[in-house]
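Colleague: Single-letter residue listing:
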Amino acid sequence: MNRRSFLQNAFRTGALASLVTAGLALPKQVWAAWNQKAFKSKSYTDAVGELYGNNALADSDNIILKAPDIAENGAVVPITVESELPNIESISILVEANPSPLAAEFKLAPGMRGYASTRLKMGKTSNVHAVVKADGKLYKATKEVKVTIGGCGG
Amino acid sequence: MANQIRIRAKATGNVVEVKALINHPMDTGQAKDKSGNLIPEYFIQTVEAKVNGQTMMNAQWSVAVSKNPYLAFQYNGKKGDTVDLVCVDNKGETYEGSVKVR
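Protein chains in written order, with our numbering: chain A, 1 to 154; chain B, 155 to 256.
Bound-form chain A, shown alone (with noise of 0.2 Å):
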C-alpha cells in the first residue's frame, strides 16, 4: 500500500484522526518540535516569553556563564552555563544583539546535571544572557562579551 492510498484509507475509515485524538501519533513529534516562534523573536525578551510564556526573569548567583570577555572570532565563541538550582527543567542561551537571539535551548529531564556547553556564533559585541528555568522560575544570568571580527554573513 502506498502511502497516498494510506493516508485517503485512514481518512475514510477515521483511523488516523482517532489515532490523533487518543494522542499516539502525535506526543513524540509535539515535544520535540522546533519553536519557531521563539527562534524568529528578534528581541531576547520576546524570545524568552515565547519560550517559557513569559518573561520575568529574576538575576540570580546561581547560574555560572561561562564565556570569553574578549572573542577573537564571533563564528566560534564557547559558551558554558552551570547551575546547581533545584529541579532545573530548561537551559537556554540567547544573544542579545544578533538578529534572532534565541540561539539554543536544552530541556533537561530528572538526572539530567544543570551544564550545558556549546559554541554559537556572534554578529557583533553584546550582552549574551543564560536563562534558567527550575522549579517553574525563570532565573537569569549576563556576562558581556566583546567581538572583534563577526561571526555572521561571512
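No lab work stands behind these hints, which were simulated from the structure alone. Wrong hints could be hidden among the right ones.
The list that follows gives simulated cross-link-like pairs (lysine to aspartate or glutamate, DMTMM-like), each with its CA atoms no further than 20 Å apart [stated by the list, open to error]:
(1) Lys204(B) / Glu89(A)
(2) Lys40(A) / Asp243(B)
(3) Lys37(A) / Asp243(B)
(4) Lys107(A) / Glu72(A)
(5) Lys221(B) / Glu72(A)
(6) Lys40(A) / Glu195(B)
(7) Lys107(A) / Glu202(B)
Anything over 12 Å on all C-beta distances counts as not near chain B; from chain A, calculated [what the hints assert, rightly or not]:
(8) Lys137
(9) Tyr139
(10) Glu144
The beta carbon of each residue, even a glycine, is placed where N, CA and C say it ideally should be.
Keeping the supplied structure of chain A fixed, place chain B upon it in accordance with the hints.
Modeller: Chain B only, in chain A's frame:
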C-alpha cells in the same frame, strides 16, 4: 551518514560528562557565496540525548550554533551506560551517534 557525530562519555564518580562534535555546515541563511547568492539556511534544529534508551535531553538550536557544533552535558549516571544522540536538521536529515560510558 557515517561519522557525522563523534561522541565521548566519561564517568567521574556518579557524574557522566558527554562531549560530542557533529559535522554540519550550520548555514545561517545570511551569508553569501562567491557569486553573491545567499546560501539558504541549513542547520540542526533538534538534538535528543538518550541514556539507556530513555530521553534525558531535548535541545533546540538556531543557526547561531557554530559550524560543526560542539555540545557537552552532564547527568547522574555510571560507567557502562549507553548514550545515544539523535540530531535532525531543517531538511529532515537525521544523524545518530552512540557511545558506551567509560
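Colleague: None of the hints should be skipped; say for each whether it holds.
Modeller: Each hint tested on the structure:
1. About 16 Å separates the Cα atoms of Lys204(B) and Glu89(A), which keeps this hinted pair within 20 Å; it holds.
2. At roughly 17 Å between alpha-carbon atoms, Lys40(A) and Asp243(B) fall within 20 Å of each other, so this suggested pair holds.
3. For the proposed pair Lys37(A) and Asp243(B), the alpha carbon gap of about 17 Å is at most 20 Å, so the pair holds.
4. Restraint check for Lys107(A) and Glu72(A): not satisfied, since their Cα atoms lie roughly 30 Å apart, outside the 20 Å limit.
5. Between the alpha carbons of Lys221(B) and Glu72(A) the distance comes to roughly 16 Å, so the proposed pair stays at or under 20 Å and holds.
6. Restraint check for Lys40(A) and Glu195(B): satisfied, since their Cα atoms lie roughly 13 Å apart, inside the 20 Å limit.
7. The suggested pairing of Lys107(A) with Glu202(B) holds, with an alpha-carbon distance near 9 Å, which does not exceed 20 Å.
8. The claim that Lys137(A) lies off the interface holds: its Cβ sits roughly 20 Å from the closest Cβ of chain B, which is beyond the 12 Å cut-off.
9. For Tyr139(A), the condition that its CB be more than 12 Å from all CB atoms of chain B holds, with the nearest at approximately 19 Å.
10. For Glu144(A), the condition that its CB be more than 12 Å from all CB atoms of chain B holds, with the nearest at approximately 17 Å.
Hint compliance for this structure: hint 4 alone is broken.
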